[in-house]
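**Student:** The residues making up each chain are set out below.
Protein chains: 2
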Amino acid sequence: MSRKVEVCLSPRLVDRYDLTNRIVVVTDVLRATSAMVAGLASGVVAIRPVETVEASAALRAHGYLAAAEREGQVVEGFDFGNSPYAFMRPEVQGQKIALTTTNGTRAIALVVNAPLVLIGAFVNLEAIVDFLKNRSEDVLILCSGWKDNFNLEDSLFAGAVVAGLRGPEVHSCDAGLATALLYDQLQHDLFGAIQRSSHYHRLAKMGIEEDIRFCMQRNVFSVVPVLRNGEIVL
Amino acid sequence: MSRKVEVCLSPRLVDRYDLTNRIVVVTDVLRATSAMVAGLASGVVAIRPVETVEASAALRAHGYLAAAEREGQVVEGFDFGNSPYAFMRPEVQGQKIALTTTNGTRAIALVVNAPLVLIGAFVNLEAIVDFLKNRSEDVLILCSGWKDNFNLEDSLFAGAVVAGLRGPEVHSCDAGLATALLYDQLQHDLFGAIQRSSHYHRLAKMGIEEDIRFCMQRNVFSVVPVLRNGEIVL
Numbered sequence: 142m143s144r145k146v147e148v149c150l151s152p153r154l155v156d157r158y159d160l161t162n163r164i165v166v167v168t169d170v171l172r173a174t175s176a177m178v179a180g181l182a183s184g185v186v187a188i189r190p191v192e193t194v195e196a197s198a199a200l201r202a203h204g205y206l207a208a209a210e211r212e213g214q215v216v217e218g219f220d221f222g223n224s225p226y227a228f229m230r231p232e233v234q235g236q237k238i239a240l241t242t243t244n245g246t247r248a249i250a251l252v253v254n255a256p257l258v259l260i261g262a263f264v265n266l267e268a269i270v271d272f273l274k275n276r277s278e279d280v281l282i283l284c285s286g287w288k289d290n291f292n293l294e295d296s297l298f299a300g301a302v303v304a305g306l307r308g309p310e311v312h313s314c315d316a317g318l319a320t321a322l323l324y325d326q327l328q329h330d331l332f333g334a335i336q337r338s339s340h341y342h343r344l345a346k347m348g349i350e351e352d353i354r355f356c357m358q359r360n361v362f363s364v365v366p367v368l369r370n371g372e373i374v375l
Numbered sequence: 142m143s144r145k146v147e148v149c150l151s152p153r154l155v156d157r158y159d160l161t162n163r164i165v166v167v168t169d170v171l172r173a174t175s176a177m178v179a180g181l182a183s184g185v186v187a188i189r190p191v192e193t194v195e196a197s198a199a200l201r202a203h204g205y206l207a208a209a210e211r212e213g214q215v216v217e218g219f220d221f222g223n224s225p226y227a228f229m230r231p232e233v234q235g236q237k238i239a240l241t242t243t244n245g246t247r248a249i250a251l252v253v254n255a256p257l258v259l260i261g262a263f264v265n266l267e268a269i270v271d272f273l274k275n276r277s278e279d280v281l282i283l284c285s286g287w288k289d290n291f292n293l294e295d296s297l298f299a300g301a302v303v304a305g306l307r308g309p310e311v312h313s314c315d316a317g318l319a320t321a322l323l324y325d326q327l328q329h330d331l332f333g334a335i336q337r338s339s340h341y342h343r344l345a346k347m348g349i350e351e352d353i354r355f356c357m358q359r360n361v362f363s364v365v366p367v368l369r370n371g372e373i374v375l
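For the record, the sequence lines run as chains A and B.
According to our numbering, the first sequence is numbered sequentially starting from 142.
According to our numbering, the second sequence is numbered sequentially starting from 142.
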């Protein structure tokens, strides 16, 4: 039995892949999928990813807390954006959250028709790898990137998953091969590596270095969030 | 003076970059740009990249030798495709060649409006780096990839150029950072690295391992081909 484990480095390239019978892992390490994992592991009931700020606000009328991030900032008029700490506050436990972000929620929208969509980040890396080891379907790891561009943090996470699944029966595309090699090289100091990335500089200016530090930790949570009927749940 | 040296990992993403005042280096290591460099260094007068097989054939009437490659193979009815050895034969010296390929000539067509387009491959790596060191414009290295997907060989070449230009005044995007780190890791055995890539398996089945070995050599030629009036010349 041979199994494909591939990596899509930009949402713009996702139409290159046949998603039939695939498990898709969507990642947006800084910070959407890290926040989703943290939230659901901390008692949030469901997170509904939406593409526009208006759609997030409109869901308040249906009992959701509304969150929105653009360009790394909380959108005016919203209580929170995509900081993982905001998703772990006691006030959000037992609640449903509507969320729109610059990259991550857009990437999720592109793969809603895949048979199974998982939400991954470094904070639940091992749980994702273990889940995939117990399945046999082909895998696509979709990096949300930054406005369709390659980014380092999502690619490193993708490489970590590929590295975790490596074996004689697994073959990967060149992007899987390259990101796994990159992860091999940088895994002993992920935070150091990410300090050299463009997004780090973008976010650090906004004073959210603590968020970045949080998101670059591995295996803080053992949950595997899945997309079901348009909502991310456990 | 700060200078941007960026890497575009797929032709599909090239519209993300402002090409005004940029030097663009197009690469298609296996095999189009390696063949172009080899040919021009060996006495070919000019190479006209065209997008279709028909356009290549039609240029015969204007005194060009016609070359065409699709899916790694010479197209039926053409004397040669994109093997670098074909571009170094005595019969092509002093001639002009029209060439269409699966990826490389398409990538060149996307950047014809940039002020300066260079043709790069491992076989002229040092010449490209030295040329760029003597200029001050921002740089974009465009990887031709494989049908819009990331590929290892073009990314490694891009990383080699970024690594060659590294310095306190140069900053790169995440793709530049990642490919340079990958080149650092794999540079001591480029051919070994490429044997793990998807395109190697695709081409090796066609019995052109010698071509691949040739293309993974560094600094065989010291020429820097440029695009001028739709033709690649020295």
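The hints are simulated quantities; they were obtained by calculation from the structure and are not laboratory data.
Be a bit skeptical, because a hint or two may be false.
Chain copies aren't distinguished; within one or between two, either way the pair holds.
Unchecked claim - Simulated crosslink set (EDC-like; lysine to aspartate or glutamate; CA at most 20 Å straight-line):
#1 K288 / D156
#2 K145 / D271
#3 K145 / D289
#4 K237 / D220
#5 K274 / E217
#6 K346 / D159
#7 K346 / E195
#8 K145 / E351
#9 K288 / E212
**Student:** Can you name, in rising order, the numbers of the hints this structure does not satisfy?
**Tutor:** Checked against the structure, the hints that fail are numbers 5, 6, 7, 8, while the rest are satisfied.
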